[in-house]
Each structure stands twice: as structure tokens, then as C-alpha cells.
Amino acid sequence: MSVLVDDETRVIVQGITGGEGKFHAEQMMEYGTNVVAGAVPGKGGQEVSGVPVYDTVDRAAREEDADASVVFVPPTFAADAIFEALDTSLDLVVAITEGIPTQDMSKVHKRLSEVDTRLIGPNCPGIITPGESKLGILPGNIFESGNVGLVSRSGTLTYQVVDNLTNRGIGQTTAIGIGGDPIIGTDFIDALELFEADPDTKAVVMCGEIGGEDEEEAARYIAENMDTPVAGFIAGRTAPPGKRMGHAGAIVSGSGTGTAESKINALNDAGVPVGDTPNEVADYIEDFL
Amino acid sequence: MTTLDLVDHYGGSPANFLDIGGGAKAERVANALDMVFSDENVDAVVFNIFGGITRGDEVAKGINDALGQFDEIPKPVVVRLAGTNAEEGREILNDELVTVEETLEDAVQRAVEYADAEVEQ
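From first to last, the protein sequence lines are chains Y and D. The opening position of the first sequence corresponds to residue -1 in the working numbering, with each subsequent residue numbered one higher. The opening position of the second sequence corresponds to residue 4 in the working numbering, with each subsequent residue numbered one higher.
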């Protein structure tokens, strides 16, 4: 079992004719993902690595019976690409693009509340159900099928923790990179809900970072709603206030909100142990299982 | 950012944080290394790459390019490559110029040791 994606998921790659789109479409197919179409305006009729390209997501979805898409479209056009996927009523859209203007994302965010399509990202590594399917840029070889769910704001941190888990023989049900931007689709609570409902997920790793209050809200959700044990990691303990740390959303504001300390305390109060190092998170998970 | 936290955790002190960004190519990596070397507070450099969209071979080429222009490497460099094309990257890296470590923890600890040694000199 897994959440959101499996070996049945049929995927459109939006931006498949670009360098990153093509490279990662190939990587996804090599991993086993059913990449059934590409969608790029003006490039309909072409073929990329054996995958038929359509002018629109709508056409691609109808012709190839697709239910999900991955967006590798440059920031300026990425919001339009997401809107196109939402209007096609796909089940899932995964936006990898970094640097989508916040104003564009606020429009996307409003539209999301009116549709059934789920968005993951943007500025995220995507989602993977090990051994079945990956939608995004996650390095598939480090993952292993198992019973730990993982949700993270940082791609690299996801890989780091997964590597620590896999090296101990602890596999994953699904790993979701929710992205490092201030406005995102699926958030911690959405992902935690999915893992709580998945009978095969026996423990969950939640990797947060400085900025915003999503981790604090997730901590409250865990305390009130979850039976599945959760272990956490929070990046940015040593981050200076007022500096944006790599991600657009990773900033301790001048007024002092969004600190690592506040998030760690909230998680600890909710009974969630927080590792000092990624490897310590794997220690906690090993204890849970 | 986690790398910085670990530098602190293992008794070091971060002088400079530079995120090379997703999908960095060799030229961007070489520029990044030049900038970090130009910071006189820096006693050692740790490169931690766990590539998804970033490819290990591109990073390795950038590191080699940047270091190749020096007769003597200004500060010790520790590199940890994992993820997409990491193996290819490790093969490309010139281990006469850099110290290659397998895990994040080892790389950070090694860099902190080097930095302490530089300070003592």
C-alpha cells in the first residue's frame, strides 16, 4: 500500500521538451513510472524518448488516459501549466519548478480550493512510492519499499533521512516532498492525514525547517488526531534571523516567529521526538517499529 | 541548512552558507567555490550534495575546474556526493585536491577537524 501514487498512476510530463523535463522523464521511466505523455504548447505531434507529446494537458489526458502530471515548466509559465492541469481535473499535479512568483501561486492556491485535484509543491522534489512509481526528481535508488511514510519541506533532507533509513533496512511506503515555498498545495497536515489513513504506514518522519508556522500546526494535528508514531527533524537551528536560507519560505522573520526552537518545542509537546541529526531521526523510527 | 546545523553540532562554526541551487551546472559550482574562498573567515569548505535535480558529475566537474586554477588549494575542501549521478561524480573528483567522505556526518566532522587545524596554524 502507499498514498497518492502507485504502479497504476499514468503520468503526463509538462515541459518534457526542456532539458530538465526530458532528463527526468527518462529517469522516471527508468524507475518504472508510467510516463504516458508529454504536454508542451506548440510541440504537439513530437516524440521525446518514445513518449508522445501533445499541445495541451487536456488532449494528453484524453488520448492517453492519464491521471497525474509533473510540471517541469520554467517559473514564468509554471502557474499557467498548473492551471491547465487543474482544469483537466487530473487527480494529482506535482510542480517541481523553483521560483514561481508568489503572486501567481496565490491565484493557484485560490483555484485549488474549488477543484478536486491535489497539488504537490511547487519547489519540491516530488513524490515516490518505492518500487512502484516516482513523480519528480527524487533519486530512486536510495529508496526501498517498506512501512515508513515521509513528508518533508526539503528535498535534500528527504534524501538524507531516507538514506539513513534504507541503510538500516527500513523501507518507505511513500515519501512526499511538499516544497520549500511560502505558498504550497499539499501541506504537512494533508500528508499526515494520508499516512494516518494508510494501514501499511507504521511510522512517519516529518522534516520541517524554519519559517512559517506549518510545523506548529502539524504538531497540534498530531497530538489530536494521530495514532501512528511520528519522529521529526527541523533544519535551521543555527540560521540567523532575517536571512532567507536556500528556500523562499525558509526564513526566521524579524519578529522572531518561525524559529527552529518554536517548532521543536511544539513537536516535543505533541509527543514527537526531534532528532539532532538526520541519523538520530532514523534511530527514533527504528525504536517505533 | 542542515549541514550548517551539523557543523554547529560537531563543534564548528559556520562562516558562510551558499546554496548552489537546484540543477547547478559546473560553472555555477566553480563560481560558488571562488566566492567562498574569498571569504577570509573560511578555514575549511564542506560540499554536501545529495542530488535530485542536481547531478553529481556536474558538481564534481565544477569543483575540479575551480580547484584546477590554483597552484595550492587555499583551504581544505571536503566533498560528500550522494544521489543523482553521485558515483560518476566521485569518479571525476580529483582526490589529490579534495577529501571525499561517504556520509554527511563524516564529511562535516572532517571539515570541522580541518578548520580547527587551520586555526591552530
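Everything labelled a hint here was simulated from the structure, so no lab data went into it. Each hint should be verified, as a subset may be incorrect.
[What the hints assert, rightly or not] In silico DSSO-like cross-links for lysine-lysine, where the CA-CA straight-line distance does not exceed 30 Å:
hint, chain 1, residue 1, chain 2, residue 2
1, Y, LYS241, D, LYS28
2, D, LYS28, D, LYS78
3, Y, LYS108, Y, LYS200
4, D, LYS78, D, LYS64
5, Y, LYS20, Y, LYS105
6, Y, LYS20, D, LYS64
7, D, LYS64, D, LYS28
8, Y, LYS20, D, LYS28
9, Y, LYS105, D, LYS78
10, D, LYS78, Y, LYS41
11, Y, LYS41, Y, LYS105
12, Y, LYS241, Y, LYS105
13, Y, LYS20, Y, LYS41
[Said to hold, decoys possible] Listed next, with one range per pair, are the computed distances between beta-carbon atoms:
hint, chain 1, residue 1, chain 2, residue 2, range
14, Y, GLY240, D, ASP109, 37 to 43 Å
15, D, ASP74, Y, ASP56, 31 to 37 Å
16, D, LYS78, Y, THR100, 47 to 53 Å
17, D, ASP109, Y, GLU112, 19 to 25 Å
18, D, ASP37, Y, ASP281, 37 to 43 Å
19, Y, SER87, D, ASN97, 35 to 41 Å
20, D, PHE20, Y, ASP63, 42 to 48 Å
21, Y, GLY17, D, LYS78, 31 to 37 Å
22, D, GLU91, Y, GLN44, 24 to 30 Å
23, Y, GLY240, D, LYS78, 23 to 29 Å
24, D, GLU121, Y, ASP281, 30 to 36 Å
25, Y, SER104, D, ASN97, 25 to 31 Å
26, Y, GLY97, D, LYS78, 27 to 33 Å
27, Y, ASN263, D, ASP109, 27 to 33 Å
[As the list claims (entries may be wrong)] Selected chain D positions facing chain Y (in silico; Cβ < 7 Å):
hint, residue
28, MET4
29, ASP8
30, ASP22
31, ILE23
32, ALA27
33, GLY55
34, GLU90
Predicted, not measured: the structure shown is a model, and the values here were computed from it. No residue lacks a Cβ here, since even glycine has one placed at the ideal position from N, Cα and C.
Exercise for review: Could you work out which earlier hints the structure fails to respect and list their numbers in ascending sequence?
Suggested key: Per hint list: 3, 9, 10, 14, 15, 16, 17, 19, 25, 31, 32 and 34 violated.
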